Amino acid sequence: MSIVQRGWVEDEDSISKLKIKRDKMRYILATDVGSTTTKARFFMKTNEEWRYVASGEAPSTVETPYEDVTMGVLNAVREIEELLRHQIMNDKGTGIKIPFDGEKGVDLYCTTSSAGGGLQMTVAGNISSMTAESANRAALGAGAIVMDIMATDDGRPDYTKITRLRSLRPDMLVLAGGTDGGTVKLVIEMSEVIRAAKPKPRFGKGYKMPLIFAGNKEARPEIKEFFAGDFDLSIVDNLRPSLEREVIEPTRRAVHELFMEHVMSHAPGYTRLAGWTDLDIMPTPAAEGLAIQLIAYINKSNVLGVGLGGATTNVYSIYEGRFVRSVSANLGMSYSICNVLKESSIENIKRWIPFEINDKELENRLYNKMIRPTTIPQTLEELVIEHAVAREALRLGLEHHKSIATRLKGVKVVDRDLGDIRYEVEETYIKMINFHIIAGTGGLLSHAPRRAQSFMILTDAFQPEGITKLFQDSVFMMPHLGVLSTVYKDAAWNIFDKDCLVRLGTIIAPIGIAKEGEHVFDVTLEMPDGNNVEVKMNFGEIRRIPLPEGNEVRAVISPRRGFDAGSGPKIPVTSDISGGSVGVVIDARGRPLILPEETEERKKKLAEWIHSLEMYPPEQITKLMEK
Amino acid sequence: MSQQKKRLSKEAYAYTPGLKIKEAMIVSKTRILPITGEVLVEKGDMVDFDTIVARAMTLGDPYIFEAANLLGLHPDELPQHMVKKVGDEIKKDEIVAQYIAFWGLIKRFVKSPIDGFIENVSPLSGRITAREQPIPIEVKAYIPGEVVEIIPNEGVVIETNATFIQGIFGIGGGKHGRLKVIVDSPDESIKENTLKPEYKGMIVVGGSFITLEAMRKAIENGVIGIIVGGIDSSDLTKLLGYRIGVAITGEEEIGTTLIVTEGFGKMGMSHRTFEYLKLSEGKEVAINGATQIRAGVLRPEVIIPHSRLRKVISESSEIVGGMKSGTSVRIIREPYFGRIGTVVSLPVELQKAETESLVRVIEVNIDDGEIVMVPRANVEIIEE
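From first to last, the protein sequence lines are chains A and B.
Residue numbers for the first sequence follow the numbering used here, so the first one is 36 and each next one is one higher.
Residue numbers for the second sequence follow the numbering used here, so the first one is 2 and each next one is one higher.
Among the hints, erroneous ones may be present.
As the list claims (entries may be wrong) - Below, a list of computed lysine-lysine pairs in the PhoX-like style, where the Cα atoms sit at most 25 Å apart: (1) Lys267/B - Lys279/B; (2) Lys395/A - Lys239/B; (3) Lys233/A - Lys92/B.
Hints listed in this document are in silico derivations from the structure and should not be mistaken for laboratory results.
Please read all numbers here as calculations on a predicted model, not as lab measurements.
The following block holds chain B by itself, in its conformation from the complex (with noise of 0.2 Å):
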């Protein structure tokens, strides 16, 4: 075995990516179609949360009917019976294809289900293939600010300056409204009758926990979007009518965009969540609650566009970092779940857990001063 080498850390290494939350950073989203289309902004343009910035035409739901065995007819014969031919436009109840014999005392009619065109006629399987005029879709910014790439027939990347707050978990998708913290600190919970009718149009942050009822009454009273510290699993089962089996959200449809900030459960909201939110009471934010569970994750998001404190960080230099003694960590795990801390040490040796499995650990100083063990999975870096 070779010698030690110096790009060797003499610190062990651990690499833990962690939710991140900043009071001012550039954020960069990249907005592209589902499908290749036209992007309708230039570089260097302005623009706003509802701005649409690309635009595509997506194939029309195509219908599929049994045109032969309607007219009576072996397959084969079927073209020679069309009245509409592969890509003539119809309209629905139009007769496309038509069996006529004996002088006209036999009449079959095949009528297009739907307004569009015909994609295919098979004499094969004798049926038709008709397609409703193309959908279009579009794509808007999302957060107001510069477009600062066009991905041409694709999408752009729109860069701002914000406050950038990653959730853990979210349900539903991209919205924007006004800030409405309804909690005065970030241990308490969002009660139903804190929800006010004035709510309606905003995004409400609340504290470590909310009810189902809360929920039901916020989007009763219509509040687009609630940001809070915890949520009971059982709570979001009957809210969602079934329970998420893995955690590929964003497609809800549930009247509001909820973001869990911390996990669930009830769980104090992290006071540097709680504090920067508080300080954009009142602005209008955008939220995403898309959430997609693996290694790199997508986790819900709020970003709050602001002109102060412009910083320049490298993403990639932050992906590189790793943890260190006097990282700040948040333990993600019992016995210490939800506990803020600071890397004391990184013991290379594996060490015993109470489950007698031996693990790569780490020590972290926990808020109130005490030191405490824990395996290095079990914790996450507060970005700074």
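Excised from the complex, chain A in its bound form (with noise of 0.2 Å):
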């Protein structure tokens, strides 16, 4: 069950655990280790609210030679220090002092991490759509990297699946399979092939490999048996105990406990780390998810959220109140960025790219990226080449979400028309039209220096249909306050709203093709000083309309022939939009995007679009573009 379905808890428990209440804080400090950059976020208590004051960053630590996660940590806190000439951590530099003194420490201090590849899981069911995927959500859901899928019909023959067991180091497993009484044949037969492989973990080495088993109740008598020696069993409700309903939560619960127990302890540094935090460390995808589903919680509505990172790129959706995480392992702007590259190919990365570029150096220039993941680009060329791999990776991360964000397959469903039995096979849920909200975060959205940049990469990728508002995390800490929200909510609320969730504005994207050029729909703006801004939109065409954050305007859009603006073809929507520091877009570039194939035709229609919207120092970028 979602937050938006259940309502906000705080953890009691950890509450109880604070050294400090929280009415007396003054200061708090987060931090998220990533897979490249440790993150560090100084919250402080003024005029009895709380604000974001300041940001440290520095390498992470936690491979080999350093292999102690805390001295990023002390590194990006050093920073902070630096800033604020407040101490943070204590005398000998060693830790973080708690609480705040009166003169140097903080009151509160969590983090999460993604450091070392994150959470790493394999899971196994019967059926690859029944429950096999409901393992996959299950993991994905506690924020996990799942490295494999395994499943009796999935096409590989035991040997190839036993193979790829032992090749994978995993942190933990998930065993699904069966309904309550049903067959248990099944779920002993993937159990044979999980024994048989005997996988090793990740760390730790000597321990137990820990497997949840969340499959047939009937069959936990054997799979107790089975398992024994060799494996770290932990038994949880089935979280598919019948084909019409999935129950993840325990899953998720205890993934979360192994988590904690097993791969952070043995991770380097983790034990000290986690000496020094008021809460227990929460995976970045998990905490991040917070923060996307307190932004549906607030604004009671489908949400579509992105965290684009390092290594991995994790999608949210809360559709309905349903919320379904998605993490891409592999798609990411530095350590991963020629995974990219790989998955989406040249000329798809090349397309978003309004200047000459040949092939060659493009690919030196992101392996260059992938073997120096912590630089930044410091050329306006370099900024350009990456967003427009930001762009195709989200492109990739949301394709990817949707394989994940469906219906319950396998369930019966009773065509009324035809008076039929069919079972549900929907491909997802996932259409753009139904989502009115896009967030974005992650290093390379939070600190594009035009917030149209982000705009643009989100609407790129993403492509919203119909009236959609758009907002990113100002400077990465969406991970921060979502951890913090656990305990002191509040706090986390207030800093979120004022400071971290940025309202970039509202585009608006009615859906259909036509020729370039054709006058597909009008726009008409009632705007605050009470004149109105009326827009005829040729397709091919993007434009913005200013409108400062917090002003809400009438818009009514009227599409014309073969056009949809979310009511319908050619019906006029009658809506109130939203501004932002981008303000109100106006997309008739249609929908589906398709890019002109032709390359100077491409170059010319991308030049356009970026002067329309501001979206690069215009001097540089022309003279980038004529070069």
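Hints are included, so try docking the two chains, each in its own frame, into the full complex.
Structure, rendered in structure tokens:
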């Protein structure tokens, strides 16, 4: 059940362990230990209001030769100390001083982590589209990267599955299979494969592989006997007790407990880090997911969220209260930037670049970013290239998300018209027209020098339809606030609203395709000064109408033949539209968005759109495009 | 907010790990088994490149077969038709289970597909799991030196005095061979026609670049390692037959180990790296292309054992140390990619880059005397 469905509940147990009462707190430190960078954020209470004050960042130090995450944390914290001249660490500089003693320290410290590859899992079930898929959703829901999904019917012979399991070194396994009371034969067969493979956990040589069994309860006695000795077995409620029901919460909880007990305690430096924090270390995607749910909860709306990181792309959807998370393990902007190239293609990346660059040069630049992942673009040319890759990473991440955000497959559906019984096979319920908010976070989006850049990266990649608000994380602190919200929701909400959530504006993008230049719809905006702005949109155009944050205007969208603004073809739509740092963007480029195939024509269109949205400094970008 | 504390440095402090290029240092290598096993040497022993220091037996491959189905039985009937029991050794094609009925008129057999033993017979699934005999895994010393620590049941730590050079990216695992420098300067490329048959078994050193044709020629001639400043990523893809998406390497089997010292594209090898390699020409050296790039990273390496200039440097003091004015750095991103210089200052205030981003910067006096400002994230320390 998502937060939207059950309401926001704080973790009372963790609250009782805080070193100082929440109403007495003055300073809070939160960090995120990422795969490439450790990000520290400092929050302060001023005039009874919690606000974000400063950031510090440093390379993460989880791998050799450092193998101690706390070094990266201290380096990031040291940056904040320098900026604020406020001592956060203890006098020896070996840890965080908690609580604030009137002169130094903070009152609460919490952290999230995705370093060292985050939480890596393999899941197995009987049927790919049923129990294995549910097991996958449960693992993803807990913030894991799912390395493989195995099923009796996945087409791979047992030997291949065994070889694969032996080559993977997941942190833990989830085994599902069978509805309660159904046959145990298939789940036993999958158990035989797992036991034969005897996979080794990634951390902690000599430790037993944690295995969560969340399948047919009738199979428990055999499962207990079968995995005794070589595995650390936990048994939880069946995550698919019947075809019509999916109950993933017990599995998700078990994953979280094992994550703390096994993965974190064996990861380099985490035991020390866990000793500093007031709360359990939370996987970054889990915390980010909380933040995205918070947006849906506050706005009472379907939300599509994305965290574009250095190693992974996490997509979150809250649709009619249902929360689904996908973690695309190797789609990222630094460590896995070349995997975006691999999965997308050089042509797909180049289609977003408005200037000439040869394939070899572009590839070499991406490979150089991969091998030096903490570098940042200094030139505009480099920035535009990274923004092109980001569009492709997000596009691929959404495709992956759609494959997970499905209704329960295999559920019996009675077709009233035909009197037929069929089984649910719908691929996805993610239809952009149903999402009225898109929210983005992650280093690249948060650090984009102009908000119009992140606005257009999200727009081009996700192609919102109808009327959609766009939000972004100001300086990448959604995971920080997500974990904080579990014990101090008021502080988290306060900071979230005032300092984290940047309202970029609203995009109006009717669905349809027409000939270049054809008049496709009109928009009338009743502006705050009482004047009407009337915009005639021709196919292929995009325009920006400035409308500052906090302003709302009434918009009337009148689509012409073949175009649909959300109520059906040619039907006018009237709606209140919110402003933001970018304003209102009216997009007549068509849905689906198709870029011209001819290179010069494509570059010309990209240039037009860039200028129209003032995405980059005009002089420099023109010079680049003329080069 | 509290006053400035004594512990806080007055000058902004930066921490950017760099590649190690050291003429002499004590190189310490931990050589451990992937699973627990037996250590074959003792503390204080002197070992060579190929000395086997630890050994373990890993589980053989398992095979699962549908025995009950093959015999035409219900799964729970299988145990009583087993000829071999759990734990019994089996030979390939040996009968492990049989069904004989009607005085021998109906005979069905299940034969073993492997040499090994029976691991499991399931009355629930009707399947047999058989496993091949354990396979030995051995770990070699990789570098010559002294065993300074024994990690019980896992492996050893070996130390040697050596020149140590880290590359930025590599392909292929650990090897050793004689070093041969085949270019005259760090800015010269390796050409196909310079790769002679007599370099078989050697590790060749080039300057700024190697073409795909030259790499193929090197492999054809039995060159076991190539150390070079840069390569084209597209050539790497062609050489491997697939595109590398994430930099986790070391397991490739292309016949040679490749170590790239600077990056992708044509890039002059760092003068110091070239100088150290040139000094060591003819020596037996260890190389490893294994690369894992995350934050702390595992970089490819060249280890040239020798007995001169033994210096004791604490690894931890180097890590804690950071960038200050006077530190030698290499710029690792456009527009000054590859330039070497010294830090002039580290302003605390954020500065606006061409991208319009506000970033923490560093002023660097680059080799020709020009002072440039670059984001701190875009330099790495050259460790002296």
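Structure-based check of all given hints:
1. For the suggested pair Lys267/B and Lys279/B, the alpha carbons sit about 20 Å apart, so the restraint of at most 25 Å is met.
2. For a cut-off of 25 Å, the pair hint linking Lys395/A to Lys239/B stands: about 13 Å separates their Cα positions.
3. Pair hint Lys233/A plus Lys92/B holds up; C-alpha atoms about 23 Å apart against a cutoff of 25 Å.
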